[in-house]
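Heads up: the sequence lines are chains A and B, in that order.
Just so you know, we're using the numbering used here here: the first sequence kicks off at 1 and counts up by one.
Just so you know, we're using the numbering used here here: the second sequence kicks off at 1 and counts up by one.
One or more of the hints may lead you astray.
Think about it this way: if two alpha-carbon atoms lie no more than 27 Å apart in a straight line, the pair counts; the simulated DSS-like pairs of lysine-lysine are [said to hold, decoys possible]:
hint	chain 1	residue 1	chain 2	residue 2
1	B	Lys-101	A	Lys-41
2	A	Lys-22	A	Lys-41
3	A	Lys-36	A	Lys-18
4	A	Lys-40	B	Lys-49
5	A	Lys-36	B	Lys-111
6	A	Lys-22	A	Lys-36
7	B	Lys-49	A	Lys-18
8	A	Lys-22	A	Lys-40
9	B	Lys-68	B	Lys-49
10	B	Lys-101	B	Lys-68
11	A	Lys-18	A	Lys-41
12	B	Lys-111	A	Lys-41
13	A	Lys-41	A	Lys-19
14	A	Lys-22	B	Lys-101
15	A	Lys-19	A	Lys-36
16	A	Lys-40	A	Lys-19
17	B	Lys-61	A	Lys-40
18	B	Lys-49	B	Lys-101
19	A	Lys-22	B	Lys-61
20	B	Lys-61	B	Lys-49
21	B	Lys-101	A	Lys-36
22	B	Lys-111	B	Lys-61
23	B	Lys-111	B	Lys-49
24	B	Lys-49	A	Lys-41
25	B	Lys-111	A	Lys-40
26	A	Lys-41	B	Lys-68
Just so you know, the hints here were simulated from the structure itself, not pulled from any lab data.
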Amino acid sequence: ETGVTQTPRHLVMGMTNKKSLKCEQHLGHNAMYWYKQSAKKPLELMFVYSLEERVENNSVPSRFSPECPNSSHLFLHLHTLQPEDSALYLCASSQSNTGELFFGEGSRLTVL
Amino acid sequence: AQSVTQPDIHITVSEGASLELRCNYSYGATPYLFWYVQSPGQGLQLLLKYFSGDTLVQGIKGFEAEFKRSQSSFNLRKPSVHWSDAAEYFCAVVGVSGTYKYIFGTGTRLKVLA
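So here's chain B without its partners, still in its complex pose (with noise of 0.2 Å):
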């Protein structure tokens, strides 16, 4: 079945240190991959796309990723945390043949401390 798993349900981090959310994902063939935000109130917002080519990918606000396509894994990274990174964070997938099925992780909620 096709899915994606985003482990950490929540995590914390201290203003300024580095982060890193996991995904993986399940699916017949390499997809399409995505990560947005989701802040109070809001929704979602994209912060960054794979689709081909280098396999780290910079996205808005800081935020990198890294595909990897042998441990079906696109995790989020950010050198350096901000109080107001604090959020919802979503991987997501849809098929390269174009379905309009995204496929979405049940979200990663950042808590940011001062």
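Isolated chain A (complex conformation) (with noise of 0.2 Å):
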């Protein structure tokens, strides 16, 4: 495979459920994030790993929590969701902190 790789690509899930999104991504870039596409707002942000560690975590309320187990993986572990986090989920990837950034399809979520 090649590029960036998200699974589940369609996830519903119940208010009081525990899911996991995974990404992985085979190009060798060092830094991996997920962001946050809901309708009519602009991409948000939510969590960033470089070289494993987090460099960004932009005030994301704790049902998400973020996995990075090795620079090809990232994981973004959901508990006890909202109905207003369903959305798309879409991870990506760079080689540097201001290069291109590498897509995912996106995972998206239902919470009932």
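Dock the two chains into a complex; use the hints.
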């Protein structure tokens, strides 16, 4: 596989469930990102990892918990979410902190 | 505050017509500038980027953009639109000092009439 791969593509969960989103990049990049995309709003940066260390945590509620076990994998653990958390969650990677972002196709999350 | 403004939420053009999508930014210093495109159900793909040098930048799929420092603008253009260009377009900036904080506009949705 090439590029940035996200799984699952679609996820429906109840407010009491625990689930995880997975992102994998095959580009050899050293930075990985989670963005939230909601209708009529700019992309919201949630977390950034550089060389497996978190370098940005954009005031995200604690019900979202990121994990970066190595430079190729990034997870977003979800628990006790709210309906307003329904959105498209995009993973991205970059070689540097100013270079082009490469995006995955996103995980569409619906919270019931 | 740092921000990116795309004043047009929706734009409709006829196939073969020219296109210009507007982007204005507010930033402490001139940032690096990007245009991305997102097709339905897909992630974002880079069209072009401006770091320095020639202010007219060529990208993929026949797109170009012009950086105008005096107007804090980075407008995207295409001379002749194809039906496959229907998508959402996002302008983005990031500081040259390197912060990982890419700032995106709200996007412009392009509809192409046959």
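Checked hints:
no.: 1; hint: B:Lys-101 with A:Lys-41; verdict: 16 Å, holds
no.: 2; hint: A:Lys-22 with A:Lys-41; verdict: 23 Å, holds
no.: 3; hint: A:Lys-36 with A:Lys-18; verdict: 18 Å, holds
no.: 4; hint: A:Lys-40 with B:Lys-49; verdict: 24 Å, holds
no.: 5; hint: A:Lys-36 with B:Lys-111; verdict: 24 Å, holds
no.: 6; hint: A:Lys-22 with A:Lys-36; verdict: 14 Å, holds
no.: 7; hint: B:Lys-49 with A:Lys-18; verdict: 39 Å, violated
no.: 8; hint: A:Lys-22 with A:Lys-40; verdict: 25 Å, holds
no.: 9; hint: B:Lys-68 with B:Lys-49; verdict: 14 Å, holds
no.: 10; hint: B:Lys-101 with B:Lys-68; verdict: 22 Å, holds
no.: 11; hint: A:Lys-18 with A:Lys-41; verdict: 26 Å, holds
no.: 12; hint: B:Lys-111 with A:Lys-41; verdict: 19 Å, holds
no.: 13; hint: A:Lys-41 with A:Lys-19; verdict: 25 Å, holds
no.: 14; hint: A:Lys-22 with B:Lys-101; verdict: 22 Å, holds
no.: 15; hint: A:Lys-19 with A:Lys-36; verdict: 16 Å, holds
no.: 16; hint: A:Lys-40 with A:Lys-19; verdict: 26 Å, holds
no.: 17; hint: B:Lys-61 with A:Lys-40; verdict: 26 Å, holds
no.: 18; hint: B:Lys-49 with B:Lys-101; verdict: 16 Å, holds
no.: 19; hint: A:Lys-22 with B:Lys-61; verdict: 30 Å, violated
no.: 20; hint: B:Lys-61 with B:Lys-49; verdict: 14 Å, holds
no.: 21; hint: B:Lys-101 with A:Lys-36; verdict: 14 Å, holds
no.: 22; hint: B:Lys-111 with B:Lys-61; verdict: 16 Å, holds
no.: 23; hint: B:Lys-111 with B:Lys-49; verdict: 23 Å, holds
no.: 24; hint: B:Lys-49 with A:Lys-41; verdict: 22 Å, holds
no.: 25; hint: B:Lys-111 with A:Lys-40; verdict: 16 Å, holds
no.: 26; hint: A:Lys-41 with B:Lys-68; verdict: 25 Å, holds
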